[in-house]
Amino acid sequence: MKNKILLRRKIFLGMELIGLIVFLFLNSNLSAQEVNHDQEEKLIQEEKPKPSLGLSVQPGGLMIQKVKLGETYDLYEKAGIALIVENKDINPHTYLINTFKPSRVGNKKWLQGYSEIPDPAWFWFKNAEVTVGPQSKKEVKMFFKIPQEDKYYNQHWSISLGISGKPEAGKMLALAVYPRYQIETESKTGLQEKPAGLIGLEPSRLIFENLPLRKKEKKKIILYNNDTIAHKYKITSQVIEVDQTREQIFVSSSYSWMPKKRWLKPKKKRVKILPGESKELTVSVKIPKRKGHYQKKWEALIFIEPDEGRSRFARVQIETEKSAKE
Amino acid sequence: MKKLFVVLAVLVLIVGFGIMRAEAQTDTIEVTVTLRNVAVEITGDDPWVLGTMTAGQISSAKAYTATNTGNVNEDFGIKVGNSSPGTWLPGGSSAANQFIMALDDPAANLTGSDTVLATNVDPTTGSEDFELTFTAPSSSGSDAQQSIIVTVTASPF
Chain A
11 MKNKILLRRK
21 IFLGMELIGL
31 IVFLFLNSNL
41 SAQEVNHDQE
51 EKLIQEEKPK
61 PSLGLSVQPG
71 GLMIQKVKLG
81 ETYDLYEKAG
91 IALIVENKDI
101 NPHTYLINTF
111 KPSRVGNKKW
121 LQGYSEIPDP
131 AWFWFKNAEV
141 TVGPQSKKEV
151 KMFFKIPQED
161 KYYNQHWSIS
171 LGISGKPEAG
181 KMLALAVYPR
191 YQIETESKTG
201 LQEKPAGLIG
211 LEPSRLIFEN
221 LPLRKKEKKK
231 IILYNNDTIA
241 HKYKITSQVI
251 EVDQTREQIF
261 VSSSYSWMPK
271 KRWLKPKKKR
281 VKILPGESKE
291 LTVSVKIPKR
301 KGHYQKKWEA
311 LIFIEPDEGR
321 SRFARVQIET
331 EKSAKE
Chain B
42 MKKLFVVLAV
52 LVLIVGFGIM
62 RAEAQTDTIE
72 VTVTLRNVAV
82 EITGDDPWVL
92 GTMTAGQISS
102 AKAYTATNTG
112 NVNEDFGIKV
122 GNSSPGTWLP
132 GGSSAANQFI
142 MALDDPAANL
152 TGSDTVLATN
162 VDPTTGSEDF
172 ELTFTAPSSS
182 GSDAQQSIIV
192 TVTASPF
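Just so you know, the protein sequences line up as chains A and B, in that order.
To convert, note that position 155 of the first sequence is 165 in the numbering used here; the numbers rise steadily by one, no gaps.
To convert, note that position 3 of the second sequence is 44 in the numbering used here; the numbers rise steadily by one, no gaps.
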């Protein structure tokens, strides 16, 4: 049985009492004392089991690659993926669902190599809020569309989702969860305008197809300094050590991380670019000739780290030759 | 003239066919999903009944526990909203229509933005105990009962 307790203002010895009453939930053993209307009502509360609130959201991590500009995507239709909101409480709860730039919510972090999505509104949900029953789950469909502008090719963005409990009468505690997703737009060269972001890349993905083993091949990336000041950039090759408990750069679908990052080499390890200008970066790949290296699909990253600010990366995908030659 | 028309028509057909082939070869999006879920649980009194307080009065500490119930390392944050229905605001000192909701460790006065509660909380056994202390405003423009929401947040580490 619930009783709502009203606080009456009382002036006592010239001091003003400030009442702060949070809604009280009583069990069947709880009773309230009858009070004189001239006196303040008192509430007696018995010990009760400590309740818990629980919220779980899936997927906690998601990477979407090769996104075409100007096209509306329904993630459920395209990939069978919906946001799953699970209420682990014994009471129903309503959750507000929204998108944000990662710097605006939660721990305000996002993966190195990615930039914040310019407009979180490019990603949206079928419902802005969802009510989930006790110990239950609900699915919410997700959609996105990146504007058709050349500068949005070759982008690697991070976006934060916010799933937060709607304030409820009689409750003091609420939970909010902020998973982060990565969106990588289509890789393209010959653009009509510079790629967006302080560091622009063209293309954002290099593909070495049918690469003969023991043979060095080269390709180029254009690196743009879109900042207002000159920058020095450190260029390295990297592969990611997989750790399922942490947010990481995922390897592309159907690829595995290249066993040795040294097989991918940037021609220059450091480059300086004036504001508004660009330079070509040459990278080379050479895979040792071994029996187990034929018909492999490997991926590594070329990381561009500025002297100041956040990094970018380009994906380098290698498909080795199909069989040993006689 | 007729011959020119036929040649032009054939050229149009060839170009059209070339465009269709390029579109058919265009990649579709690729989606990589982890099995990760970001999840958090909190235990403790809800609501926290403070009763009638005098101006500037400080409550006893109230204990809570936030637990990482997901399967990825998480950072926990905590924040407080304005009171309802009257608008008391959270702040660093007790003032007119301004309250303090203080966190014990790390020591901080909560605001409407996330304050770090714990970082890199392990998904298997990780939890964080914390205490809150409330300080009433020095004066209030409203004598109605007030509700205040404290939100615990979880983000991937």
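No lab work stands behind these hints, which were simulated from the structure alone.
Virtual Cβ for every residue (Gly too), placed ideally from N, Cα, C.
There could be a bad hint or two in this list.
[Stated by the list, open to error] Covered by chain A, per the in silico footprint, the following chain B stretches (three or more residues, Cβ under 8 Å):
id, region
1, 82-93
2, 101-114
3, 183-195
[Said to hold, decoys possible] Residues of chain B placed beyond 12 Å of chain A at every Cβ, according to the derived structure:
id, residue
4, 78
5, 134
6, 145
7, 148
[Unchecked claim] Listed next, the stretches of chain A that the computed footprint assigns to chain B, with coverage defined by at least 3 CB atoms under 8 Å from CB atoms of chain B:
id, region
8, 106-120
9, 202-215
Structure-based check of all given hints:
1. Counting residues of the region 82-93 of chain B whose CB lies closer than 8 Å to any CB of chain A gives 12, which reaches the minimum of 3, so the coverage claim holds.
2. With a cut-off of 8 Å between beta carbons, the region 101-114 of chain B has 6 residues touching chain A; three or more are needed, and the interface restraint holds.
3. As drawn, the region 183-195 of chain B meets chain A at 12 residues by the rule of a beta-carbon pair under 8 Å; at three or more, the given contact holds.
4. Consistency note on residue 78 (chain B): stated as away from chain A, yet its beta-carbon is not over 12 Å from all of that chain's, at 4 Å minimum.
5. With a least CB separation of 15 Å from chain A, residue 134 (chain B) remains clear of the 12 Å interface cut-off, as annotated.
6. Non-interface call for residue 145 (chain B) relative to chain A: holds, since the shortest CB-CB distance, roughly 17 Å, exceeds 12 Å.
7. The Cβ of residue 148 (chain B) lies farther than 12 Å from every Cβ of chain A, with a closest approach of about 19 Å, so its non-interface assignment holds.
8. Only residues whose beta carbon comes within less than 8 Å of a beta carbon in chain B count, and the region 106-120 of chain A has 5; three or more means the coverage holds.
9. Given as covered by chain B, the region 202-215 of chain A fails the check, having 0 residues with a CB less than 8 Å from a CB of that chain where 3 are the minimum.
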